[in-house]
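Line by line, the protein sequences give chains A and B. Residue numbering for the first sequence follows our numbering, beginning at 1 and increasing consecutively. Residue numbering for the second sequence follows our numbering, beginning at 1001 and increasing consecutively.
Read the hints as simulated data drawn from the structure, not as lab findings. Using N, Cα and C, we set each Cβ at its ideal position, and we do this for glycine too. A couple of the hints might just be wrong.
Said to hold, decoys possible - Here are some, though not all, of the chain B residues that point toward chain A, as calculated from beta-carbon distances under 8 Å:
| hint | residue |
| --- | --- |
| 1 | Arg1014 |
| 2 | Gly1032 |
| 3 | Tyr1052 |
| 4 | Pro1053 |
| 5 | Arg1056 |
| 6 | Gln1061 |
| 7 | Arg1076 |
| 8 | Phe1078 |
| 9 | Arg1080 |
| 10 | Arg1089 |
| 11 | Ala1090 |
| 12 | Ala1102 |
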Amino acid sequence: MTTSTRTSLTDRYVWTVTRQLPPESGPDVARELRGTIEETVEDRVAGGEDPESAERETILGLGDPDVLSREYGGRPNHLIGPAYFPAWVRLVKLLLVVIVPIAVLGNVIARSFGSDADFGAIIGGAATLAFQTAVHLVFWTALIFALVERNAGPLGRDQLVTTWNPDELADPADRARRTSLVEMVFEVVWTLVAIALCVWQWSGVGEGAFQVLDPDLAFGWQVLVVALLAVDVVVTVAAWARGGWNIPLAAVSLVSAVASGVVLVWLVLSEQLLTDLPREFGETFGVAADWTLSLPAVAVGIAIICGWEAVTALRRMRDTTRSEAQ
Amino acid sequence: MDEELLAGHLQELRRGTVVLACLATLEQPHYGYALLETLDAAGFAVDGNTLYPLLRRLEKQGLLTSEWNTDEARPRKFYRTSPAGADLRAHLMTQWRSLNAAVEALNGDK
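Could you build all of it, start to finish, from the sequences and the hints given here?
So this is what it looks like as C-alpha cells:
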C-alpha cells in the first residue's frame, strides 16, 4: 500500500514539472527526475527515515514544481526582465502623460454638447475614462513586452532596446534655466490672440459673426479676465528675458493659472460668460439648433486646462529649487 | 549579523562556483544524484532544484555531454565534461586563482 501512495506522489510531481516542457525534452526530464527522486528517497530510507516522509521531504526539497519546470525549460520566472524593464517603464510613462490627458479632455469636450450631464457625471466619467485608459496602456504594453521577453532572440533585443547613450542624459536645470524662444513666442502670440478675441467678443460682434462670449458680462469681470491673461504674457516674457524661471515668476504664473481657473469656472457656471450658444449658432449660420451645451462639462474642460497650467508652474518652481540646491 | 542578509550574500558569492565545480567533477562521468552527493561531500552545498536544471543548461550550451546508462536496474543519465567544457573550466580556474590571490592580498593589508 505504501508503495502505491509513494509512486503516486512522485508521479504527480514529475508530471506537474514536465507537462509544460516541449515534447523533445519533457519525457527525458521526466525519466531523469523520477530516477533522481527515487534514488534520493531510497538513500533517506536507508538512513532510517520512514518511506512516506522521506518521499514528502524529498519533493519538498525540490520545491515548487512550476518554478522547477521553468528552470528546466529555460523560461523566465518574471513577466518583464531587467533587459526590457527600463524601456517598458519609459514607454508607459510617456504614453500615460500624453494619452490620458488627451483622452480626458476629448471626452469632456464631447460631453459639452450634451446637456443632460451634470457635474458629478462629467467628473466621474472623466475619472473613469482616465483610469480605463491608464489600465489599457499599462496592460497592453506589459503584454507586448512579456511576449517579446519570451520570444525575441538577441537580435530582437537590439532592435527594441536601444543602447543607452550618455548624450541622452537630461539636464535637470534645463526646464528651469531656459525659457526657449519658441515657448515664449508661442505663449505670447496665443495669449495676445486670446485677449484680442475677448475684447472683440465683449464689444459686440454685430450681425453675421458668431457671438460666443456674453457681451453683457460686467465690465469689471472683463477687465479681470484680460488682466489675468496679460499677466501670463508679462511673466513669460520676463522669464525669457532673465534667462529662466525663478520662484517669484513661477509663483505669479501659478497664482494666475489658479485665479483664471476659478474665475472662468464660476462665470461659466453662473451663466455670465457664454451666450446661449446653440441659439446664437443657429441665428448666425441659419442652421436649426438641434444641439445643446453642457455648462458643467465646459467648466471641467476649463479646470483641466488651467490645472495643467498650474502643474507646469509648480514643476518650474520645483526645478528651480532643485537646480539652486545643487 | 542578519541571517537573511548573510545568506543572500553567500549565495551570490557561491553562485558561479557551482558551474566550476561541475565542470571539474564531471571529468569523470556522474549522474545527477551522485554528482549532488559528491559536490556536497566536497564542500559545495547545492540544492537539487538548482543543480539538475543547471546540468541541462550546460549540456545545451555544449559544455557537457550526456548518455543514458541502462545496464543497471535503474536507468541513469550520465553527464560528462565536453572538450568545450574543459576549455571553459580552465578559463574559470585561472580567473578563480587570480581572484583568490586578489582577495588574499586584500586580507594581507589588514
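Each hint tested on the structure:
Interface hint status for Arg1014 (chain B): violated, as the beta-carbon distance to the closest one in chain A is roughly 17 Å, over 8 Å. The beta carbon of Gly1032 (chain B) comes within 5 Å of a beta carbon in chain A, closer than 8 Å, and the hint placing it at the interface holds. Because the closest C-beta pair between Tyr1052 (chain B) and chain A is about 7 Å apart, less than 8 Å, the hint holds. Taken as an interface hint, Pro1053 (chain B) checks out: its beta carbon lies about 4 Å from the nearest beta carbon of chain A, inside 8 Å.
This hint holds: Arg1056 (chain B) has a C-beta 6 Å from the nearest C-beta of chain A, less than the 8 Å allowed. For Gln1061 (chain B), the interface hint is violated, the least distance from its beta-carbon to any beta-carbon of chain A being 11 Å, above 8 Å. For Arg1076 (chain B), the interface hint holds, the least distance from its beta-carbon to any beta-carbon of chain A being 6 Å, beneath 8 Å. About 10 Å separates the beta-carbon of Phe1078 (chain B) from the nearest beta-carbon of chain A, more than 8 Å, and the hint is not met.
Restraint check, Arg1080 (chain B) versus chain A: the minimum CB separation of about 15 Å is more than 8 Å; hint violated. Hint status for Arg1089 (chain B): violated, given a least beta-carbon distance of 22 Å to chain A, over 8 Å. About 26 Å separates the beta-carbon of Ala1090 (chain B) from the nearest beta-carbon of chain A, more than 8 Å, and the hint is not met. About 27 Å separates the beta-carbon of Ala1102 (chain B) from the nearest beta-carbon of chain A, more than 8 Å, and the hint is not met.
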